[in-house]
Amino acid sequence: MNRTKTYLSKTVEELKPSGIRKFFDLAAGMEGVVSLGVGEPDFVTSWSVREAAILSLEQGRTSYTANAGLIELREEISAYMNRTFHVQYSAENEIIVTVGASQALDIALRAIIDPGDEVIVVEPSFVSYAPLVTLAGGTPVIVNSDKSHDFKVQAADLEKAVTNKTKALLICSPNNPTGTVLESEDLTAIAEFAKKHDLLVLSDEIYAELVYDKPYISMASLPGMRERTILINGFSKGFAMTGWRLGFVCAPVEISKAMLKIHQYAMMCAPTMAQYAAVEALRNGNDDVIEMRNSYRRRRNYFVQSLNEMGLDCHIPGGAFYAFPSVKSTGLSSEEFAERLLVEEKVAVVPGNAFGESGEGHIRCSYASSMAQLQEAVKRMRRFLERL
Amino acid sequence: MTLSEKELEIVEILEKDARIPTADLAKMVNLSVEETEALMKSLEERNIIVQYTALVDWAKIDGHQGVTAMIEVKVTPKRGVGFDEVAERIYRFKEVKSLYLMSGTYDLAVTIEGKTMNEIAKFVAEKLSTLDSVVSTTTHFIMKKYKHDGTIFDQTDGDKRIVVSP
Numbered sequence: 001m002n003r004t005k006t007y008l009s010k011t012v013e014e015l016k017p018s019g020i021r022k023f024f025d026l027a028a029g030m031e032g033v034v035s036l037g038v039g040e041p042d043f044v045t046s047w048s049v050r051e052a053a054i055l056s057l058e059q060g061r062t063s064y065t066a067n068a069g070l071i072e073l074r075e076e077i078s079a080y081m082n083r084t085f086h087v088q089y090s091a092e093n094e095i096i097v098t099v100g101a102s103q104a105l106d107i108a109l110r111a112i113i114d115p116g117d118e119v120i121v122v123e124p125s126f127v128s129y130a131p132l133v134t135l136a137g138g139t140p141v142i143v144n145s146d147k148s149h150d151f152k153v154q155a156a157d158l159e160k161a162v163t164n165k166t167k168a169l170l171i172c173s174p175n176n177p178t179g180t181v182l183e184s185e186d187l188t189a190i191a192e193f194a195k196k197h198d199l200l201v202l203s204d205e206i207y208a209e210l211v212y213d214k215p216y217i218s219m220a221s222l223p224g225m226r227e228r229t230i231l232i233n234g235f236s237k238g239f240a241m242t243g244w245r246l247g248f249v250c251a252p253v254e255i256s257k258a259m260l261k262i263h264q265y266a267m268m269c270a271p272t273m274a275q276y277a278a279v280e281a282l283r284n285g286n287d288d289v290i291e292m293r294n295s296y297r298r299r300r301n302y303f304v305q306s307l308n309e310m311g312l313d314c315h316i317p318g319g320a321f322y323a324f325p326s327v328k329s330t331g332l333s334s335e336e337f338a339e340r341l342l343v344e345e346k347v348a349v350v351p352g353n354a355f356g357e358s359g360e361g362h363i364r365c366s367y368a369s370s371m372a373q374l375q376e377a378v379k380r381m382r383r384f385l386e387r388l
Numbered sequence: 001m002t003l004s005e006k007e008l009e010i011v012e013i014l015e016k017d018a019r020i021p022t023a024d025l026a027k028m029v030n031l032s033v034e035e036t037e038a039l040m041k042s043l044e045e046r047n048i049i050v051q052y053t054a055l056v057d058w059a060k061i062d063g064h065q066g067v068t069a070m071i072e073v074k075v076t077p078k079r080g081v082g083f084d085e086v087a088e089r090i091y092r093f094k095e096v097k098s099l100y101l102m103s104g105t106y107d108l109a110v111t112i113e114g115k116t117m118n119e120i121a122k123f124v125a126e127k128l129s130t131l132d133s134v135v136s137t138t139t140h141f142i143m144k145k146y147k148h149d150g151t152i153f154d155q156t157d158g159d160k161r162i163v164v165s166p
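Chains as they are written, first to last, in this note's numbering: chain A, 1 to 388; chain B, 1 to 166.
Just so you know, the hints here were simulated from the structure itself, not pulled from any lab data. The structure displayed is predicted, hence computed values, not measured ones. It cannot be assumed that every hint is accurate.
[To be verified] 30 Å max Cα-Cα, derived DSSO-like pairs, lysine-lysine:
#1 B:LYS97 x B:LYS41
#2 A:LYS214 x A:LYS165
#3 A:LYS214 x B:LYS16
#4 A:LYS16 x B:LYS160
#5 B:LYS6 x A:LYS214
#6 A:LYS196 x A:LYS165
#7 A:LYS379 x B:LYS6
#8 A:LYS10 x A:LYS196
#9 B:LYS144 x B:LYS74
#10 B:LYS60 x B:LYS74
#11 A:LYS147 x A:LYS160
#12 A:LYS379 x B:LYS41
#13 B:LYS41 x B:LYS74
#14 B:LYS160 x B:LYS122
#15 A:LYS195 x A:LYS214
#16 B:LYS74 x B:LYS122
#17 A:LYS22 x B:LYS144
#18 A:LYS346 x A:LYS22
#19 A:LYS214 x A:LYS16
#20 A:LYS379 x B:LYS145
#21 A:LYS261 x A:LYS195
#22 A:LYS257 x A:LYS214
#23 A:LYS16 x A:LYS379
#24 B:LYS6 x B:LYS60
#25 A:LYS346 x B:LYS97
#26 B:LYS115 x A:LYS379
#27 A:LYS261 x A:LYS328
#28 B:LYS145 x B:LYS74
#29 B:LYS160 x B:LYS115
#30 A:LYS346 x B:LYS147
[Unchecked claim] Pair ranges (Cβ atoms, derived):
#31 B:LYS160 x A:ARG21: 14 to 22 Å
#32 B:GLY150 x A:LEU57: 24 to 32 Å
#33 A:LYS379 x B:GLY80: 54 to 62 Å
#34 B:LEU8 x A:TYR265: 25 to 33 Å
#35 A:TRP47 x B:THR116: 31 to 39 Å
#36 A:ASP213 x B:GLY150: 26 to 34 Å
#37 B:THR138 x A:GLY60: 50 to 58 Å
#38 A:GLU386 x B:GLU34: 49 to 57 Å
#39 A:GLY60 x B:ARG92: 39 to 47 Å
#40 B:LYS127 x A:GLY32: 50 to 58 Å
Note that the Cβ used here is the ideal one computed from N, Cα and C, for glycine as well.
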């Protein structure tokens, strides 16, 4: 009966399923749910981008591209990264187009990890970081960020986690789930730490287009950091292209070569149609990005103030589209809070502990929903809190 | 007139949703309700916010009689007042819903609403073409409205996202 189980990899068997799954199952069967649980933009990809993909199909562009991606796309990415984030990468051999930022992260980790290597992962974080380190044969070492520092990781805490096996550090700014943006001094402290211990920094910058208060600073733009940074970005969030599964990774030549080996064997290339769409997004999509960013900023202002007013203490998230309020004042755990809110008021949020133990006591609310939905959610949450 | 950043934000938000509660609008632009109300009042007084209206899809209403026509009008501008004088003569008619001065092969683009095609034909024949400065008119009747002022009438793009995702 249990025979098949013996065929499964120990590593995979020991992986914990994502805590988000449970809430998906619970919410998916309900009618009339206002969902703040969605980790993607509420915008549909702009029509000009969709139209470019349709055209590419009409023209019969359905074959493989170069392993690293269409050269014209890589050239656009190179120019875009330079003008937007002031980092220089060669289209020729330092940029790889991937199947979402997730695959970029996967090949980056697999390219640098030998069995037993440790990678520091800062939590609360996106659910797949630690599992991907494990799957690559490494050991994730968790360092927590906390609310007292607006969820900015502290160099002193990083120091405590370093061993002689530490190879890299994985950070994400703006952060999912906290919305925290690392500022110049935070990045400098992390960069100094990485240099001191000769570590690589895997910098997940997928939300870089969505910052609301200050210009974005890329880790790779800091002095001396380009050579030790693997920069991950993509089209999902800033360009509202999640379903296209298109990301990219920028790294110095030697690291890029190694990642390309994995990519060519495991993936061949990213979907061709999506690559043509991305070319259009980079050539003509900037106005759409600005419009979406303005819209998120206004909704953030509305939603975070509303949370604080109803008594859920929330720091101002500088980017992404998540608010990460504390629910400690209610005396409920984050799972209890999320479950009762869903059952009693049909508002779906994600409990903070799904993003690491340090997320306990918080919930992640995505404000990438229409104002009408947010207003309804605020009304229901207020009612829920008054009843508690 | 130069607007402050906050005023511009308020205008942009209200242009899309004029019915948003002021308390919510205030939060969106990070101001107090009083400050927001004061800015709105000032925008109204300066006639920058001219009116708050609803966009109605009359075609959905059974029994509604209505025809819209776009009329290209060629006119002779007058010394000293240019196009403004004849434009004013035309836009004062309540049948005229919009009027723009155009570049290109004609001068004024006039939108007219009436109950029937006959009513509009009568207006053009009796009121519009008889004006001294009007040289010629070309009338186009609108058959179906797909999109108006940036809003698609039959928006079918609902939220297709899965309810919870990482």
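Starting from the hint list further up, note which numbers the structure goes against and sort them upward. Result: hints 2, 8, 10, 13, 14, 17, 19, 20, 22, 23, 24, 25, 26, 27, 29, 30, 34, 37, 38, 39 break, sorted rising.
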